[in-house]
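Engineer: Kindly produce the complete structure, drawing on both the sequences and the hints.
Chains as they are written, first to last, in this note's numbering: chain A, 1 to 321; chain B, 1 to 320; chain C, 1 to 317.
No false leads were slipped in.
The list that follows gives simulated cross-link-like pairs (lysine-lysine, DSSO-like), each with its CA atoms no further than 27 Å apart: (1) Lys257/A <-> Lys264/B; (2) Lys210/C <-> Lys52/A; (3) Lys235/A <-> Lys266/B; (4) Lys81/A <-> Lys210/C; (5) Lys257/A <-> Lys235/B; (6) Lys196/A <-> Lys56/A; (7) Lys258/A <-> Lys266/B; (8) Lys32/B <-> Lys258/A; (9) Lys81/A <-> Lys52/A; (10) Lys19/A <-> Lys52/A; (11) Lys196/A <-> Lys264/B; (12) Lys235/A <-> Lys300/A; (13) Lys257/A <-> Lys247/B.
One side of the interface only, derived from the structure: several residues of chain C facing chain A at Cβ under 7 Å: (14) Arg203; (15) Asp204; (16) Asp207; (17) Leu208; (18) Ser212; (19) Gly213; (20) Glu223; (21) Asn227.
Some chain B residues well away from chain A (every beta-carbon gap over 12 Å; in silico): (22) Trp76; (23) Leu128; (24) Leu129; (25) Ile147; (26) Pro278; (27) Thr316.
Keep in mind the hints are simulated off the structure, nothing from the lab.
In this text, all values refer to a predicted model and were calculated from it rather than measured experimentally.
Ideal placement from N, C-alpha and C gives every residue a C-beta, glycine not left out.
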Amino acid sequence: MLSLDRVTKVYKVGTFGGKDMVAVRDVSFDINPGEVVSLIGESGSGKTTVGKMILKLIDISGGSISLDGLDVASIHGAGVKRYYRHVQGVFQDPFSSYNPIFKADRVLSLIRSEYFADMARSEWNAKVEAALRAVTLDPDQVLNKFPHQLSGGQLQRLLVARALLLELKILVADEIISMLDASTRIDVLNMLAELKSRGMGILFITHDLSLGNYISEKTVILRRGVVVEMGATDKVFANPTHPYTRMLVSSVPQLHKKWVQIEAELPAPIAGRGGCLFHEMYPLAGRTPEPAADEPTLAKIEEDHFVGCFDLPSEKASLVA
Amino acid sequence: MSLQVTDLRVYYRTLAGDVKALDGATFSIADKEIMGLAGESGCGKSTLGNSLIRLDGRMKYIGGSVNLDGAELPIWDNAGMNEFRFRDVSVIPQYAMSAMNPTRKIGKMTEELLESRGESYRQIRPELLRRVDLVGLDRDVLKRYPIELSGGMKQRMVMVISTLLDPSLLIADEVTSALDVSTQRAVAETLVSFRDRGFVKSMMVITHDISILYQTADTILIMYAGKLAEKAATKTIIDGCRHPYTKLLISSLPEVGIRYANKKLKGIPGSPPSLLKPPTGCRFRDRCPLAFDKCVEEPPFVEIATDHSVACWKVTGTDA
Amino acid sequence: MTAASGATTKPGPAVDDTAKDATPTAKRARGEFLFFALRSKKFLISAVILVVLACVAVFGPIIDSTDPVGCSTGVSGACPPMVHPTLDPGNWFGTTFFGDDVFAQFANGLRASFFVGFLGGGLGAVIGMAVGFVAGYRGGWIDEILNMVTNVFLVIPTLAVLLVITSYLQARGVMFEAVFIGATSWPWAARAIRAQTFSLRSRDFIDLAKLSGRSGWKVIAFEIAPNMSSYLFLTYILLFGGAILIAASLDFIGLGPTGGMSLGLMMFESVTFGAALQLGIWWWFIPPGIGIIATVGALYVMNVGLDEIFNPKLREI
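Structural biologist: Below is the structure:
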């Protein structure tokens, strides 16, 4: 299980790093084996930063990430390589994920040279074939080709196959189908969903609510680096509570419902003091949104459904703008 | 009838030969109609959009005609088209963010653009300000540089500028695809309001996202591999389409409410053919579950019901 | 362009023939390189020119052991000056104003110029790459320090430094010249490589290589550098040619090697002492001129050819 506990990322910006820019603040959630968690956010929400922190491509500034109890930030040197045996990522742009001057299957041979250098070739070939079959790729069609000779869908599957060569526990899939065509993206999505049965935990990062809704058990909605609402996917979508979630749900274009109709069908907004019913439940309501280390950042409104306060002065101002 | 395109063919020149990106398109857009043009990448939808406004160096006009409000557009003649661009046909390019000169203030740039078309900025300025208000921008934007605007603001500003002379046809090429969901809705709704207010007579909205078209367009034209597959009213395309490609495409789209656990969607196996040497006959043949002998001949794009045209032998009948 | 079209329209003989057998990737890659290299006219022509010039530089002085400056320095006694080139053996290039054999000068000069180019250009390229790669890849404070060093080297008045050093050194060899040129000509290369590395560093395949457990230097050597290989080669070529040209200008102001011969020195002497232009001794200044142009030009054409060989996309269309 991968756990994020109040993960924070602060960038130093300006001359001599004099200013702080908070990219991600107090993000906490778990990814269990055999579970897809969708991390939904718009551009600038920090969703990619969260993914890269899990992949140890970016250092975390606060909080902790742990894999089966092991603190990820404390892993150094040879341990990093061991960590990557269990945690892998696939990124948005299939064409930029491949070194354009090498053949596409080099992503597989890199894994071999770093992790399975002693394995016999025949054994390795069988392993590669099994991984390719698992992502419904035909080895003859994808091996020995340059990246530009393959389609985006094939390239993304090949990257998932690459991850499957290892003893994968967590896969970070960052917008992996947003650049694919409609007719092929659903197949990649289905394939990802099938990997759950192998006991893998998947973090599905996306800006598209309908994709997250389709595939995930758990949904985390991120806005400007802060979780505004999270919980079981069906609960979040059936009862979107935070104004931002409601705005997202009512703005996503759908195929059989016009926007006005979606808006009309949303459950009525929950009125309460200061516009937020859960106001009383927040220890930090009414003051600057800097929760102390032991204060919760989200309120539980039902089983498996948590919402961030939107009655904070800063939240109110930004929701209007 | 606002726009009438007849058997338009535009190829791309490459060293390996001509890419038949648009291979015979015949359709029309009525006055007040917002037509959505959808298809996968490389299906020729952007080629079709671009060819109505400007053929770039690699595009080669092969044949066909384009008629706008009774006048023939000389689309093969770059200089001849100048007279029509901006005034009769206008475009919101795919990357509106980079369409604006970064070293000019927006107002200044608009002034130069208008004057290059022989229009007086002073006369048009009140209308410009009115429309800036209308799309919800501050009038100050005219005194600002493009870099100071957010993506959605730039997109709306470009929309105002490109429709300033009330063109008869506006081509919007993937205007919403780079935007966040929230701004996407605002921009899409602004497009519709431009038509409703008569700033543009008719509109062609090019996108890969059919659900955006469901929200905005009156009719949808589906393209596949350089050919037209189906055109009908939006509702018909979504709920009663006939072409097997359209059907498979629509049924592969996930929506809020559809979950993998309950309803597993399917994609279309295979990939579109190379347009360098496209197969004869129906180009969807290889991926089509309904394909039969007749499909080696090219299916005509025929009207099967009022305002509903399809190119498929299974739908039109083999004796059509 | 769809995947299908790429795969079906260009079978690429070398690619498919070797696809089935289980040869190691490196060997296969080399085979492909050779296949496409031999098909590239640009590469072949420039390679032939460079090999011929290198042969002249290496073997010329061995075959024709005439002292290139024997007559002008008086060592060889009286020589017939300004002999036109003729078809007689041993006199194809004629002699200079002082009677020295132009071929002997040319061959020795070419050798010195190649040496300065190889060593000076090579040293400059090595320092430039090391600084550029590390600064661009690591970023942060390492980048800032290396950037500062680069800028300091960029503004050092090379000539003044050389004058100072010269006043302390009695004899200067070609070696000294080459090392000096190498040690002062790297900053712009470092800056360019840093910028390129910076833009490549953010590409997803770099992250993916890290996720494959690759260490930092392996990422630089096997992911970033191959992507810029033709650019690195161009850098080396420019440094190579630049070193030859800097050497020629140093020779011109008397800061070149004491003793010996170079193409730059040849041109300088032909114009200054021999008044070759006015007297019409074209055979004195044309060979070194052609030598420099042919060397640098061939290297440049080779770079363009190599770009096509390295880059499979350029190769296909």
